[in-house]
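Q: Chains as they are written, first to last, in this note's numbering: chain V, 4 to 131; chain Y, 4 to 131; chain F, 4 to 131; chain E, 4 to 131; chain B, 4 to 131; chain Z, 4 to 131.
Please keep in mind that the hints were generated in silico from the structure rather than gathered at the bench.
Hints are supplied without guarantee of correctness; some may be wrong.
Identical chains share a label here; the pair holds if one copy fits it or two copies do between them.
[Claimed, not checked] The list that follows gives simulated cross-link-like pairs (lysine to any residue, SDA-like), each with its CA atoms no further than 20 angstroms apart:
no. : residue 1 : residue 2
1   : K14       : G80
2   : K14       : E98
3   : K123      : R29
4   : K124      : E57
5   : K62       : R24
6   : K62       : S97
Here the structure is a predicted model, which means the values were calculated and not measured.
Number of protein chains: 6
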Amino acid sequence: MSEAGSIRLTKALALLERLERGALPRVVANLDEFHPDAAEVLLGFSFHDVVLREGIDLKTREMLTVAMLSAMGTAPGQLEFHIRAAMNNDVTRSEIVEIILQTAVYAGVPAAMNAIFEAKKVFAEAAS
Amino acid sequence: MSEAGSIRLTKALALLERLERGALPRVVANLDEFHPDAAEVLLGFSFHDVVLREGIDLKTREMLTVAMLSAMGTAPGQLEFHIRAAMNNDVTRSEIVEIILQTAVYAGVPAAMNAIFEAKKVFAEAAS
Amino acid sequence: MSEAGSIRLTKALALLERLERGALPRVVANLDEFHPDAAEVLLGFSFHDVVLREGIDLKTREMLTVAMLSAMGTAPGQLEFHIRAAMNNDVTRSEIVEIILQTAVYAGVPAAMNAIFEAKKVFAEAAS
Amino acid sequence: MSEAGSIRLTKALALLERLERGALPRVVANLDEFHPDAAEVLLGFSFHDVVLREGIDLKTREMLTVAMLSAMGTAPGQLEFHIRAAMNNDVTRSEIVEIILQTAVYAGVPAAMNAIFEAKKVFAEAAS
Amino acid sequence: MSEAGSIRLTKALALLERLERGALPRVVANLDEFHPDAAEVLLGFSFHDVVLREGIDLKTREMLTVAMLSAMGTAPGQLEFHIRAAMNNDVTRSEIVEIILQTAVYAGVPAAMNAIFEAKKVFAEAAS
Amino acid sequence: MSEAGSIRLTKALALLERLERGALPRVVANLDEFHPDAAEVLLGFSFHDVVLREGIDLKTREMLTVAMLSAMGTAPGQLEFHIRAAMNNDVTRSEIVEIILQTAVYAGVPAAMNAIFEAKKVFAEAAS
Numbered sequence: 004m005s006e007a008g009s010i011r012l013t014k015a016l017a018l019l020e021r022l023e024r025g026a027l028p029r030v031v032a033n034l035d036e037f038h039p040d041a042a043e044v045l046l047g048f049s050f051h052d053v054v055l056r057e058g059i060d061l062k063t064r065e066m067l068t069v070a071m072l073s074a075m076g077t078a079p080g081q082l083e084f085h086i087r088a089a090m091n092n093d094v095t096r097s098e099i100v101e102i103i104l105q106t107a108v109y110a111g112v113p114a115a116m117n118a119i120f121e122a123k124k125v126f127a128e129a130a131s
Numbered sequence: 004m005s006e007a008g009s010i011r012l013t014k015a016l017a018l019l020e021r022l023e024r025g026a027l028p029r030v031v032a033n034l035d036e037f038h039p040d041a042a043e044v045l046l047g048f049s050f051h052d053v054v055l056r057e058g059i060d061l062k063t064r065e066m067l068t069v070a071m072l073s074a075m076g077t078a079p080g081q082l083e084f085h086i087r088a089a090m091n092n093d094v095t096r097s098e099i100v101e102i103i104l105q106t107a108v109y110a111g112v113p114a115a116m117n118a119i120f121e122a123k124k125v126f127a128e129a130a131s
Numbered sequence: 004m005s006e007a008g009s010i011r012l013t014k015a016l017a018l019l020e021r022l023e024r025g026a027l028p029r030v031v032a033n034l035d036e037f038h039p040d041a042a043e044v045l046l047g048f049s050f051h052d053v054v055l056r057e058g059i060d061l062k063t064r065e066m067l068t069v070a071m072l073s074a075m076g077t078a079p080g081q082l083e084f085h086i087r088a089a090m091n092n093d094v095t096r097s098e099i100v101e102i103i104l105q106t107a108v109y110a111g112v113p114a115a116m117n118a119i120f121e122a123k124k125v126f127a128e129a130a131s
Numbered sequence: 004m005s006e007a008g009s010i011r012l013t014k015a016l017a018l019l020e021r022l023e024r025g026a027l028p029r030v031v032a033n034l035d036e037f038h039p040d041a042a043e044v045l046l047g048f049s050f051h052d053v054v055l056r057e058g059i060d061l062k063t064r065e066m067l068t069v070a071m072l073s074a075m076g077t078a079p080g081q082l083e084f085h086i087r088a089a090m091n092n093d094v095t096r097s098e099i100v101e102i103i104l105q106t107a108v109y110a111g112v113p114a115a116m117n118a119i120f121e122a123k124k125v126f127a128e129a130a131s
Numbered sequence: 004m005s006e007a008g009s010i011r012l013t014k015a016l017a018l019l020e021r022l023e024r025g026a027l028p029r030v031v032a033n034l035d036e037f038h039p040d041a042a043e044v045l046l047g048f049s050f051h052d053v054v055l056r057e058g059i060d061l062k063t064r065e066m067l068t069v070a071m072l073s074a075m076g077t078a079p080g081q082l083e084f085h086i087r088a089a090m091n092n093d094v095t096r097s098e099i100v101e102i103i104l105q106t107a108v109y110a111g112v113p114a115a116m117n118a119i120f121e122a123k124k125v126f127a128e129a130a131s
Numbered sequence: 004m005s006e007a008g009s010i011r012l013t014k015a016l017a018l019l020e021r022l023e024r025g026a027l028p029r030v031v032a033n034l035d036e037f038h039p040d041a042a043e044v045l046l047g048f049s050f051h052d053v054v055l056r057e058g059i060d061l062k063t064r065e066m067l068t069v070a071m072l073s074a075m076g077t078a079p080g081q082l083e084f085h086i087r088a089a090m091n092n093d094v095t096r097s098e099i100v101e102i103i104l105q106t107a108v109y110a111g112v113p114a115a116m117n118a119i120f121e122a123k124k125v126f127a128e129a130a131s
């Protein structure tokens with residue numbers, strides 16, 4: 004890994020830790036088992052190159068991510084992760100509800116129903 | 004149209020007018036030509052039942068809509084409309100840029116390229 | 004909930020009961036736990052505003068829903084529900100088979116394979 | 004082309020002619036220019052192997068196709084073709100309207116708006 | 004089943020056996036339980052009419068299939084099957100990794116993450 | 004732009020030039036007009052971080068990209084670009100045909116029809 008690469012990954016992983024405290028070892032181990040470059044390629048791009056950019060705060064970025072993943076409907080595990088990450092970064096339960104209801108308008112009611120299923124898992128944890 | 008229906012549609016159309024000043028006659032005529040109930044069914048649901056709800060402000064809701072439509076990639080005309088509507092409601096050009104770059108992470112680079120195409124049409128109008 | 008809202012929801016829930024006898028308490032509890040307005044917003048729109056409209060009978064509407072959900076491929080749980088609902092409303096097993104084979108043409112063979120998986124669960128119940 | 008292949012294609016093309024009178028030479032020329040086998044592979048499968056099957060009548064099959072293409076939102080040209088084909092096979096304008104409004108429930112309002120755009124082109128022809 | 008049909012299915016099933024040794028009885032039983040024609044319609048088209056065509060070798064075709072299913076993200080079970088089928092037909096683990104990283108570019112990072120999940124199941128089997 | 008960034012972008016742009024000779028100024032100008040970082044973020048990731056990786060040769064990578072974009076169906080302009088790029092990198096017309104026919108299996112016949120439309124534009128240029 005190049006020196007530049009290493010700083011990029013370090014910053015990306017620091018953001019991952021902000022999204023969900025303690026997720027870092029699990030996420031990195033999962034990617035490293037797949038390929039040693041996967042964390043750098045995927046998280047370096049996602050978190051360092053894009054999500055860490057200025058111009059939109061992290062709370063709003065996580066709201067956008069929840070909206071996109073709910074609308075696309077193809078990554079329920081990632082949607083659950085980002086609902087949790089959103090709530091870890093000041094998005095309220097009420098805001099999650101509103102994002103998901105808005106998904107029904109733009110992507111259809113089944114997309115909203117799927118997102119409700121993921122959100123309720125996160126809400127249940129938060130309540131316990 | 005029931006009395007309740009009529010209030011619902013009136014409120015929905017008032018929101019449409021906030022999204023793009025002057026769009027109302029064109030949008031409503033388009034839907035009425037299709038079917039007299041279409042405006043009530045589609046805009047009543049979208050705007051009155053969902054987007055007008057409290058809990059997230061209109062600026063943020065338009066950011067979420069731009070994110071969803073960019074990620075889905077199936078409605079470029081609606082995406083162009085909502086980029087314009089977002090900018091009419093205090094979303095900055097810089098924020099549109101950031102939303103679209105974030106789309107590349109969650110929906111792929113071609114989705115971002117398509118959204119850039121629509122955004123540049125709106126930016127060009129705003130600049131002129 | 005407004006008086007108009009309440010009639011709308013009541014009619015929507017009566018349709019839900021026609022789709023699957025006994026599903027009402029489970030579906031409503033699921034939505035109420037998410038947010039007290041969710042049933043009204045999502046089921047009021049889906050069932051009262053749209054599916055209960057005249058012009059296409061319920062049997063055909065459920066065939067259309069099975070076709071759409073099979074083709075989209077993003078909501079297997081909802082697809083299973085609507086295959087069951089279709090068969091509860093006079094759609095035959097043979098018609099389900101034909102819809103799913105037609106999905107292979109318009110959305111690809113994997114979409115059909117996914118729908119076959121859901122259909123076989125419903126067929127197995129019906130046979131037992 | 005094998006003898007069996009030729010009967011299969013002949014039947015497929017006869018169905019194409021029922022979907023839109025006069026479309027056959029244009030559709031076949033388009034596919035033949037791409038590859039001499041394309042008509043057999045694509046139309047043989049679509050029309051002979053699937054749509055010509057018994058169990059659902061052609062009118063209902065075209066309604067299903069309009070529903071699937073509207074929901075998927077990725078093939079506006081094919082959607083326009085099948086709205087026209089549906090209306091050529093006894094689907095009424097009112098039924099097209101209802102299918103498209105139902106699309107809003109299952110695939111979102113933008114999907115319905117896109118389908119309205121295609122439907123209005125076909126309705127305008129029918130009216131002239 | 005016509006004589007021509009029977010040869011077509013026989014060739015399709017021989018390819019299925021090349022994709023995964025021993026999968027044939029399970030796949031055919033699954034389809035036959037759904038409808039006696041399903042194997043002919045779905046596998047005859049997929050494998051005989053298309054994948055068995057000359058012009059691209061089987062190894063490359065399976066790479067293309069893994070790319071398409073990863074990008075679409077709607078058929079994880081089929082994706083797992085085709086990652087295994089690819090590796091049974093000379094696609095290396097390293098090539099699977101590269102296809103999936105390329106998916107991140109064209110369909111987004113969550114699509115790649117989903118594919119990584121399926122690939123790791125297949126890699127674990129191969130390692131044991 | 005950091006030194007590391009500049010090398011990354013330089014390599015990405017060199018690949019772009021291999022994909023389509025002369026496309027570089029147009030693509031970069033398009034992205035720079037949108038935002039000065041867009042070329043680095045989008046092309047740096049796509050081309051430097053992923054497509055330039057070893058393990059799969061460029062010809063095969065372009066075949067995979069054509070397969071993914073055909074199957075997704077949401078970026079016809081990018082599909083046209085990559086069909087041209089594939090043919091500029093030793094993919095034959097016959098291979099493009101086979102990829103697109105294979106798309107019909109995994110993503111449906113309309114996806115293949117859309118890709119045929121784009122391919123024929125590129126084939127026509129190549130023939131003239």
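Q: Each hint needs a verdict: does it hold in this structure or not?
A: Each hint tested on the structure:
Taking the shortest alpha-carbon separations for K14 and G80, neither the intra-copy value of 23 angstroms nor the inter-copy value of 34 angstroms comes in at or below 20 angstroms. For the identical chains of this complex, K14 and E98 are neighbours neither inside a copy (28 angstroms) nor across copies (22 angstroms), given an alpha-carbon limit of 20 angstroms. With identical chains, the CA atoms of K123 and R29 are at most 20 angstroms apart between copies only, with a shortest distance of 15 angstroms across copies and 23 angstroms within one. Taking CA atoms no more than 20 angstroms apart as the test, K124 paired with E57 passes in neither setting, with 31 angstroms inside one copy and 24 angstroms between copies.
Proximity of K62 and R24 under a CA criterion of 20 angstroms is satisfied intra-copy only: 15 angstroms inside one chain copy versus 30 angstroms between copies. With identical chains, the CA atoms of K62 and S97 are at most 20 angstroms apart both within one copy (14 angstroms) and between copies (17 angstroms).
In this structure, the earlier hints numbered 1, 2 and 4 are contradicted, and the remaining ones agree with it.
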